[in-house]
Amino acid sequence: MSRLLQKRTVDMQVIGEWVEPNSRVLDLGCGRGELMGYLVQAKHVSATGVDLDFARISACVRSGLSAYQGDMTAFMRAFPDRHFDRIICSRTVHELDDPAGVILEALRVGSTVTVGFVNHGFWKNRLDVLFRGRKVRNDVYTTPWHESRPANPLTIADFEDFCRERSIRVARRAHLLGDWRTRCPLLPNLLAGYALYDLARA
Amino acid sequence: MADDAQAPDAPAPTPRHLAGDDVGIVHARDFTHPGTFAFKSGQAIEGFTLRYETYGVLNATRDNAVLICHALSGDHHCAGWHSESDGKPGWWNNLIGPGKAVDTRRFFVVCANVLGGCQGSTGPSSADPATGRAYGTHFPFVTIRDMVNAQKLLLDHLGVSELHAVMGGSMGGMTAMLFAIEYPQFTRRQIIMASTANESAQAIAFNEVGRQAIMQDPAWNNGDYPRDGGPRVGLAIARMMAHITYLSDAGMDRKFGRRKRETAGGEAYTFDAQFEVESYLRHQGQSFINRFDANSYLYITRAIDQFDPARSYGSLEQAFAPIRAESLVVGFTSDWLFPPEQNRAIALALLRAGKRASYAELSTDLGHDSFLLESPDLYTLISGFLERSETYVFDFAI
Numbered sequence: 000m001s002r003l004l005q006k007r008t009v010d011m012q013v014i015g016e017w018v019e020p021n022s023r024v025l026d027l028g029c030g031r032g033e034l035m036g037y038l039v040q041a042k043h044v045s046a047t048g049v050d051l052d053f054a055r056i057s058a059c060v061r062s063g064l065s066a067y068q069g070d071m072t073a074f075m076r077a078f079p080d081r082h083f084d085r086i087i088c089s090r091t092v093h094e095l096d097d098p099a100g101v102i103l104e105a106l107r108v109g110s111t112v113t114v115g116f117v118n119h120g121f122w123k124n125r126l127d128v129l130f131r132g133r134k135v136r137n138d139v140y141t142t143p144w145h146e147s148r149p150a151n152p153l154t155i156a157d158f159e160d161f162c163r164e165r166s167i168r169v170a171r172r173a174h175l176l177g178d179w180r181t182r183c184p185l186l187p188n189l190l191a192g193y194a195l196y197d198l199a200r201a
Numbered sequence: 000m001a002d003d004a005q006a007p008d009a010p011a012p013t014p015r016h017l018a019g020d021d022v023g024i025v026h027a028r029d030f031t032h033p034g035t036f037a038f039k040s041g042q043a044i045e046g047f048t049l050r051y052e053t054y055g056v057l058n059a060t061r062d063n064a065v066l067i068c069h070a071l072s073g074d075h076h077c078a079g080w081h082s083e084s085d086g087k088p089g090w091w092n093n094l095i096g097p098g099k100a101v102d103t104r105r106f107f108v109v110c111a112n113v114l115g116g117c118q119g120s121t122g123p124s125s126a127d128p129a130t131g132r133a134y135g136t137h138f139p140f141v142t143i144r145d146m147v148n149a150q151k152l153l154l155d156h157l158g159v160s161e162l163h164a165v166m167g168g169s170m171g172g173m174t175a176m177l178f179a180i181e182y183p184q185f186t187r188r189q190i191i192m193a194s195t196a197n198e199s200a201q202a203i204a205f206n207e208v209g210r211q212a213i214m215q216d217p218a219w220n221n222g223d224y225p226r227d228g229g230p231r232v233g234l235a236i237a238r239m240m241a242h243i244t245y246l247s248d249a250g251m252d253r254k255f256g257r258r259k260r261e262t263a264g265g266e267a268y269t270f271d272a273q274f275e276v277e278s279y280l281r282h283q284g285q286s287f288i289n290r291f292d293a294n295s296y297l298y299i300t301r302a303i304d305q306f307d308p309a310r311s312y313g314s315l316e317q318a319f320a321p322i323r324a325e326s327l328v329v330g331f332t333s334d335w336l337f338p339p340e341q342n343r344a345i346a347l348a349l350l351r352a353g354k355r356a357s358y359a360e361l362s363t364d365l366g367h368d369s370f371l372l373e374s375p376d377l378y379t380l381i382s383g384f385l386e387r388s389e390t391y392v393f394d395f396a397i
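So the protein sequences, as listed, match chains A and B.
Going by numbering that gives the first Met the number 0, the first sequence wraps up at 201, each residue one higher than the last.
Going by numbering that gives the first Met the number 0, the second sequence wraps up at 397, each residue one higher than the last.
Just so you know, not all the hints are guaranteed correct.
Part of the chain A face toward chain B, derived, beta carbon under 7 Å [said to hold, decoys possible]:
1. SER65
2. ALA66
3. TYR67
4. HIS145
5. PRO149
The following label-pair restraints were derived from C-beta to C-beta distances [unchecked claim]:
6. B:ALA59 with A:GLU19: 52 to 58 Å
7. A:GLU19 with B:GLU161: 29 to 35 Å
8. B:GLU386 with A:HIS43: 19 to 25 Å
9. B:GLY313 with A:ARG200: 29 to 35 Å
10. A:ALA54 with B:ASN58: 27 to 33 Å
11. A:TRP17 with B:LEU152: 46 to 52 Å
12. A:THR141 with B:PRO375: 26 to 32 Å
13. A:ARG172 with B:TYR312: 41 to 47 Å
14. A:GLU146 with B:GLY313: 48 to 54 Å
15. A:ASN21 with B:GLU161: 25 to 31 Å
16. B:ALA200 with A:ARG172: 48 to 54 Å
17. A:ASN21 with B:ASN58: 43 to 49 Å
18. B:TYR378 with A:ALA199: 41 to 47 Å
No wet-lab data here; the hints were simulated from the structure.
Even glycine gets a Cβ: it sits at the ideal position worked out from N, Cα and C.
Can you make the complete structure from the sequences, with help from the hints?
Encoded structure:
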């Protein structure tokens, strides 16, 4: 398995541990349905995904998954409180127009909200900016600024601040080192490359 | 639905009945149900006939049937050619055939003209056995549910034990939806395209203008007219008006723009058709009156207007509660008759009811008729949904 492929399956491993079997899961920014497919197979969840792109929805449909093409906030507004057991927002949060709005709406519609993101406070990213003086490029963000989608990079410290300010309860955390596998023992904002959070309403 | 998805100035399609991916020459057949058929309205008729076509072969387990449901002005002829000199294939020929999105090597495809129609199935233009004359407005009021029940009798007659899928666009989507609701054990998949769970006031309004054009034509005569007569002017106007609602502003602009055709004496100040769009609509109106019955138009548009499962079953979620089928809903960005929002509403209600449902949206400029679009993206979506395996197998090779 290539290093990049390993990184792409990090959510499957950690979220796979967190997801309750047979639960009702919503994947925001579901892509081609890799994570949903894994959870359906390994945890027998009933999964629905939301994405903006037709080709990705079509790929989900071909894989036997339920997927909805459209805006994730508008989608969630169509559901009653706690309709989903878990809402997953994995490696999507930095591309949202209104991240707080999405997370708060997800906390209404889902009992648990899982957020996974690349930690831009990771020491290599800091050094990259410090010494190269250019937009961070690494395994995950390979493209120069002019070929990248608009992104709103965040750090673990940013995310912790946000949860505290909005009184969002953090039920679980997983901070992973630069290999995105080994748990980070200390100083996560500096040493962790990837972070996963399980959130609940306070 | 437009009976002519090609531009009027496009070259006539080459007959492709011998092409490898066409179903070839097909023949319509008639199914006659001998017993009393009770309509939702409480009225009944003694027996009825549905004209239908089938392509492909019903498998040994009798569960590979795909039922195609047509739109308002469509019919049972959805693929293939009626003869070697036939100028035009069935209306969904681009989608249905060997190796196509609805693969007739794999599926047994059935399509029937709806009850209340006029292409061979029993409807207002059929003879009332009691009088020997056409039913006219004495024909029972038809609902989408009556159309569904009648087609279920046909499928029973054909020996179909389970529908692999039921699918349709526009009114065909409504029919598919009711199939999944009314016969949940029988329906494994449904595809609803460019449809709605209840028409907007605007869509009802357009249907009403069409009906008024027919009923205000003196030749309508309260629905009592000879087979070769009737409200030809009214029906043509109804069709011209409705046809506009099947297209889009951008699509019409692309297809016709302000292009003019040659008038007889090059005269500019005349009410003869000058613009191509005018002659196109006149042609649509004229060709429609030669194949469609005005009373059927009244009955079927009424059935579409009245379709409202949310009202019939309490709410859309309650209506969908019995569904066991997996659902795919497809909307089209330029469809302003049954716009994406109304298609989304179907998918969202299915999901709220805890059903497996997907919604996909195609960007087109062809308006409501987009479901007839020749689009590889659409074909991939449809074939992916129809051919996916029941048990999910995850491919780790991302």
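How the hints compare with the structure:
1. SER65: holds, 5 Å
2. ALA66: holds, 5 Å
3. TYR67: Given a least distance of 5 Å, the restraint on A:TYR67 holds.
4. HIS145: violated, 25 Å
5. PRO149: violated, 21 Å
6. B:ALA59 with A:GLU19: 52 to 58 Å: violated, 41 Å
7. A:GLU19 with B:GLU161: 29 to 35 Å: Given about 33 Å between the Cβ atoms, the range holds.
8. B:GLU386 with A:HIS43: 19 to 25 Å: holds, 23 Å
9. B:GLY313 with A:ARG200: 29 to 35 Å: holds, 31 Å
10. A:ALA54 with B:ASN58: 27 to 33 Å: holds, 32 Å
11. A:TRP17 with B:LEU152: 46 to 52 Å: Distance hint for A:TRP17, B:LEU152 holds at roughly 51 Å.
12. A:THR141 with B:PRO375: 26 to 32 Å: holds, 29 Å
13. A:ARG172 with B:TYR312: 41 to 47 Å: holds, 45 Å
14. A:GLU146 with B:GLY313: 48 to 54 Å: holds, 52 Å
15. A:ASN21 with B:GLU161: 25 to 31 Å: With Cβ atoms ~26 Å apart, the hint holds.
16. B:ALA200 with A:ARG172: 48 to 54 Å: Hint holds: Cβ distance 52 Å, inside 48 to 54 Å.
17. A:ASN21 with B:ASN58: 43 to 49 Å: violated, 33 Å
18. B:TYR378 with A:ALA199: 41 to 47 Å: holds, 43 Å
Checked against the numbered hints given earlier, this structure breaks hints 4, 5, 6, 17; the rest are met.
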